[in-house]
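*Asks:* With the numbering used here, letter number 8 in the sequence shown gets 18, and the count goes up by one each step, no holes.
All clues stand as given, with none of them false.
Label-pair ranges, simulated between beta-carbon atoms:
(1) Ala13 / Ile46: 41 to 51 Å
(2) Ala25 / Thr47: 30 to 40 Å
(3) Val35 / Phe14: 26 to 36 Å
(4) Val41 / Leu18: 28 to 38 Å
(5) Gln45 / Met11: 49 to 59 Å
(6) Leu15 / Ser44: 40 to 50 Å
(7) Phe21 / Val41: 23 to 33 Å
Keep in mind that the hints were calculated from the coordinates and are not lab data.
By construction, the Cβ of each residue, glycine as well, lies at the ideal position given by its N, Cα and C atoms.
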Amino acid sequence: MAAFLTNLFVFGIVALAYNLVMARVVRIYKVKRSQITST
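Could you build all of it, start to finish, from the sequences and the hints given here?
*Replies:* The following block contains the structure:
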C-alpha cells in the first residue's frame, strides 16, 4: 500500500509539473505566433 501511495504521489507531482510546462510552452508559442503575424 505504501508503494502505491508513493507512486500516486510521484505521479501527481509529474502531472502537475507537466501541466505547468505545457501551459508555459503554449503561452510562449502564442506570443511568438502573434509577434510573427503582427510584424
